[in-house]
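*Asks:* Residues per chain, in single letters:
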Amino acid sequence: MKPHKSQTALQNYLDGLLQEAQVELQEARQTELPVQELESPQILPTLTTPAMDTVVKEPTPDLVVAVPAEAASAGEGGRPYWADQPFECLLFDVAGLKLAVPLVSLGSIYPLDGDEITPIFAQPDWFIGVMRTAAGNLKVLDTARWIMPERYNEKLRDNFRFIISIDGHAWGLAVNAVHESIRLQPESVKWRTSRAERKWLAGIVIEHMCALVDVQALAGLVGEKEKAQEKK
Amino acid sequence: MNITSANSSDDPVLQWVTFRLEDETYGINVMQVQEVLRYSEIAPVPGAPTYVLGIINLRGNVVTVIDTRQRFGLPSAEITDNTRIVIIEADKQVVGILVDSVAEVVYLRESEIETTPNVGNEEAARFIQGVCNKNDELLILVDLEKMMTAQEWAELDGY
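Sequence lines, in order, name chains L and E. The opening position of the first sequence corresponds to residue 492 in the numbering used here, with each subsequent residue numbered one higher. The opening position of the second sequence corresponds to residue 980 in the numbering used here, with each subsequent residue numbered one higher.
Just so you know, these hints were derived from the structure itself, not from any lab. Just to be clear, a hint being listed does not mean it is correct.
[Stated by the list, open to error] Below, computed lysine-lysine pairings styled on DSSO-like, alpha-carbon distance capped at 27 Å: (1) E:Lys1125 - E:Lys1071; (2) L:Lys589 - L:Lys690; (3) E:Lys1071 - L:Lys690; (4) E:Lys1125 - L:Lys681; (5) E:Lys1071 - L:Lys681.
[Said to hold, decoys possible] Label-pair restraints from in silico Cβ distances: (6) L:Gln576 - E:Ala1129: 31 to 37 Å; (7) E:Trp1132 - L:Asn644: 27 to 33 Å; (8) E:Ala1056 - L:Asn644: 21 to 27 Å; (9) L:Glu645 - E:Gln1013: 38 to 44 Å; (10) E:Asp990 - L:Gln576: 58 to 64 Å; (11) L:Tyr572 - E:Glu1020: 46 to 52 Å; (12) L:Glu641 - E:Tyr1018: 18 to 24 Å; (13) L:Ala626 - E:Glu1014: 28 to 34 Å; (14) E:Asp990 - L:Ser679: 49 to 55 Å; (15) L:Asn644 - E:Asn1040: 32 to 38 Å; (16) L:Glu671 - E:Tyr1086: 49 to 55 Å.
In this text, a Cβ means the ideal position worked out from N, Cα and C, and glycines have one as well.
So here's chain L without its partners, still in its complex pose (with noise of 0.2 Å):
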């Protein structure tokens, strides 16, 4: 590992994280301010009621939690929204088990042949590192942990031969191989219906037998451990 690369890299990525914690703290800021403006007495109307003073409560953490990943990517009958009509996917393989990815979710496919990954440290285990793309800094997250940490060991992460980036996200998945794409028809999946558990897992591909990963809100679903543990 190169000093001076690991250096430009570890920068890019904390002035990139101190951008986000800026944006994030002026969107909190926004949303408590009409919470506050309710409590003032002199704004409320005459009409106040017992029920509308006990409606009026110190903001929630929802109010200035992003969307939740279910949420942000579900559509009609649990089915994501890409999946109203027929779609392409990508097959590829994590911890030898075959997974499903929407091509609308994905960004770009990246070969890794050494060390393209740089570790930064005090980070969580599912965090692998930054890898720089012409894209700009990929942060890639340790898929089989997430996804099958029942079948999880750390001679996986010696296996990743690719990284596939999330469209709009700064994510990426590592991933051991990657195969065809192909063409589904949303009634061959068999959809959740309820994502309570397992938020990422859209549905099986009948005729693959295989996960269909909603690529989306597993993104999601990292950005809120994320932001759980700057926190800390």
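Starting from the known structure of chain L, arrange chain E on it as the hints suggest.
*Replies:* Structure of chain E alone, referenced to chain L:
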């Protein structure tokens, strides 16, 4: 024992599909059994609980297969030529249970079934419906609906 007609409402005859796990024979109500399949490759589902072996494709339908040994608190075993997947309907769901072998359908009168003491500490004890001596063997009758909690059944629907 009172001698009555075969299908007397006072002492109805019930049919039970029997299967083997480890060294014991278990029985499940035939009304819960849809079909019995030879063992086929089970595709694992990432993130599933330990008692879920995976899924199979049954004529275009995804069926979750449960590790019955794990549910009954038994150690895992190798797959053999006798291993079967019993497709059952429980809690309004169709699931498969993996068993060592399927034996026969037995006919039991209600009066032949003895209830077991409700003092077991193991979770598995909650779904034992009773026992019966048949052909010099003790048959353990299980209620598959109680093999899992309502929440566990609900989670199964998501696989």
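*Asks:* Each hint: holds or not?
*Replies:* The hints, checked one at a time:
Only pairs whose Cα atoms come within 27 Å are accepted, and Lys1125 (chain E) paired with Lys1071 (chain E) is accepted, the gap being roughly 13 Å. Simply put, Lys589 (chain L) and Lys690 (chain L) have alpha-carbon atoms about 18 Å apart, close enough for the 27 Å limit, and the pair holds. Taking the CA atoms of Lys1071 (chain E) and Lys690 (chain L), the gap is about 23 Å. The hint holds against a cut of 27 Å. In summary, the hint linking Lys1125 (chain E) to Lys681 (chain L) is supported, as the alpha carbons are separated by about 26 Å, within the 27 Å threshold.
Only pairs whose Cα atoms come within 27 Å are accepted, and Lys1071 (chain E) paired with Lys681 (chain L) is accepted, the gap being roughly 17 Å. Between Gln576 (chain L) and Ala1129 (chain E) the C-beta distance comes to about 36 Å, which sits within the given range of 31 to 37 Å. A hinted range of 27 to 33 Å for the beta carbons of Trp1132 (chain E) and Asn644 (chain L) is consistent with their spacing of about 31 Å. Distance hint for Ala1056 (chain E) and Asn644 (chain L): a CB-CB separation of about 23 Å, consistent with the stated range 21 to 27 Å.
Look at Glu645 (chain L) against Gln1013 (chain E): about 42 Å separates their beta carbons, and that is inside 38 to 44 Å. Take Asp990 (chain E) and Gln576 (chain L): their Cβ atoms lie about 59 Å apart, and the range 58 to 64 Å holds. Between Tyr572 (chain L) and Glu1020 (chain E) the beta carbon distance is about 33 Å. The supplied range of 46 to 52 Å is therefore violated. For Glu641 (chain L) and Tyr1018 (chain E), the Cβ-Cβ distance of about 22 Å falls inside the hinted range of 18 to 24 Å, so the restraint holds.
At roughly 52 Å, the beta carbons of Ala626 (chain L) and Glu1014 (chain E) sit outside the given window of 28 to 34 Å. Here the CB-CB span from Asp990 (chain E) to Ser679 (chain L) is close to 50 Å, well matched to the stated 49 to 55 Å. Checked against the hint of 32 to 38 Å, the pair Asn644 (chain L) and Asn1040 (chain E) passes, with Cβ atoms roughly 33 Å apart. Between Glu671 (chain L) and Tyr1086 (chain E) the beta carbons are some 53 Å apart, a value that agrees with the proposed interval 49 to 55 Å.
Checked against the numbered hints given earlier, this structure breaks hints 11 and 13; the rest are met.
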